[in-house]
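Let chain A serve as the given structure and place chain B on it in line with the hints.
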Amino acid sequence: AQKITQTQPGMFVQEKEAVTLDCTYDTSENNYYLFWYKQPPSRQMILVIRQEAYKQQNATENRFSVNFQKAAKSFSLKISDSQLGDTAMYFCAFAYRDMRFGAGTRLTVKP
Amino acid sequence: GAVVSQHPSRVICKSGTSVKIECRSLDFQATTMFWYRQFPKKSLMLMATSNEGSKATYEQGVEKDKFLINHASLTLSTLTVTSAHPEDSSFYICSASKPSGRPPYNEQFFGPGTRLTVL
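Those sequence lines, one after another, are chains A and B. The opening residue of the first sequence carries number 1 in this note's numbering; numbering runs sequentially from there. The opening residue of the second sequence carries number 1 in this note's numbering; numbering runs sequentially from there.
Excised from the complex, chain A in its bound form (with noise of 0.2 angstroms):
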């Protein structure tokens, strides 16, 4: 099965900075897709952004990017203009046949 590897256990953001999350990824597939999901004390998961494998520009979502570089199996998301509502935990994702998930990263936006 893929590996996803989230490096940062927490992360702090002061309110209308910018912040960016780290994923990296293991495969040996091509046609594969990415994604980030943000999971908020509801525990519903909600989609923030996804990336197609085969696309090489990055995908965008209003205040939300990707650096994807599929070489280095990297696949990081930026958050611009952080808001207190982004606080939450932030997940990435890797599908092919199905959906695998990294650790987690634990986003704390600061007033």
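Watch out, some of these pointers could steer you wrong.
As the list claims (entries may be wrong) - Derived DMTMM-like pairs: lysine to aspartate or glutamate, alpha-carbon spacing no greater than 25 angstroms straight-line:
1) A/K78 <-> B/E107
2) B/K41 <-> A/D86
3) B/K41 <-> A/E52
4) B/K42 <-> A/D86
5) B/K42 <-> B/D88
6) B/K66 <-> B/E22
7) A/K3 <-> B/E107
8) B/K41 <-> A/E15
9) B/K98 <-> A/E29
10) B/K98 <-> A/D86
11) B/K42 <-> A/D22
12) A/K110 <-> A/E61
13) A/K55 <-> A/E15
14) A/K3 <-> B/E63
15) A/K73 <-> B/E87
16) A/K70 <-> B/D27
17) A/K16 <-> A/D26
18) A/K73 <-> A/E15
19) A/K55 <-> B/E63
20) B/K14 <-> B/E52
21) B/K41 <-> A/E29
22) A/K3 <-> B/E22
23) B/K98 <-> A/E52
24) A/K3 <-> A/D26
25) B/K98 <-> A/E61
Worth flagging that the hints you see were computed from the coordinates, not collected in a lab.
Here is chain B on its own, set in the frame of chain A:
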């Protein structure tokens, strides 16, 4: 949209009893459903993959006799925790998928989860 529901949202049971958790895709037919387990402050761990009308595929280390999965229709999958013990207490999340994107990937939609507490 693509909505997935789970029932119940919370359940408390006595040790030794069995508990059934339902996962439904409300507005689409799911080609495949997945069951995950999440311990407090931990990540989601894939337990099994189920396809309608066929036996579920379990991940290594997941006891198939302990966690019975039935996928009776394209909109319903059930997870039954048999002879539950306190160590089975966890948050169980299902997801349902439908074709979208490049195969073999199918887009997944997550249910809200079920918190199981075994006393």
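Right, here's what the structure says about each hint:
1. A/K78 <-> B/E107: 23 angstroms, holds
2. B/K41 <-> A/D86: OK: B/K41 and A/D86 at ~17 angstroms, within 25 angstroms.
3. B/K41 <-> A/E52: 28 angstroms, violated
4. B/K42 <-> A/D86: 19 angstroms, holds
5. B/K42 <-> B/D88: Satisfied, since the Cα-Cα distance of roughly 15 angstroms is no more than 25 angstroms.
6. B/K66 <-> B/E22: Answer holds: B/K66 to B/E22 is near 16 angstroms, not above 25 angstroms.
7. A/K3 <-> B/E107: 20 angstroms, holds
8. B/K41 <-> A/E15: 24 angstroms, holds
9. B/K98 <-> A/E29: Measuring from Cα to Cα gives roughly 21 angstroms; hence the hint holds.
10. B/K98 <-> A/D86: 28 angstroms, violated
11. B/K42 <-> A/D22: Holds - the C-alpha atoms of A/D22 and B/K42 are around 17 angstroms apart, at most 25 angstroms.
12. A/K110 <-> A/E61: 22 angstroms, holds
13. A/K55 <-> A/E15: Roughly 32 angstroms separates the two Cα atoms, so the pair is violated.
14. A/K3 <-> B/E63: 22 angstroms, holds
15. A/K73 <-> B/E87: Given that 25 angstroms is the threshold and the Cα spacing comes to 35 angstroms, the pair is violated.
16. A/K70 <-> B/D27: Roughly 35 angstroms separates the two Cα atoms, so the pair is violated.
17. A/K16 <-> A/D26: 33 angstroms, violated
18. A/K73 <-> A/E15: Cα-Cα ~30 angstroms, so violated.
19. A/K55 <-> B/E63: Distance of about 38 angstroms is beyond 25 angstroms: violated.
20. B/K14 <-> B/E52: With Cα atoms ~30 angstroms apart, B/K14 and B/E52 exceed 25 angstroms; violated.
21. B/K41 <-> A/E29: Violated, because 30 angstroms separates the two Cα atoms, which is more than 25 angstroms.
22. A/K3 <-> B/E22: 29 angstroms, violated
23. B/K98 <-> A/E52: 17 angstroms, holds
24. A/K3 <-> A/D26: 5 angstroms, holds
25. B/K98 <-> A/E61: Satisfied, since the Cα-Cα distance of roughly 22 angstroms is no more than 25 angstroms.
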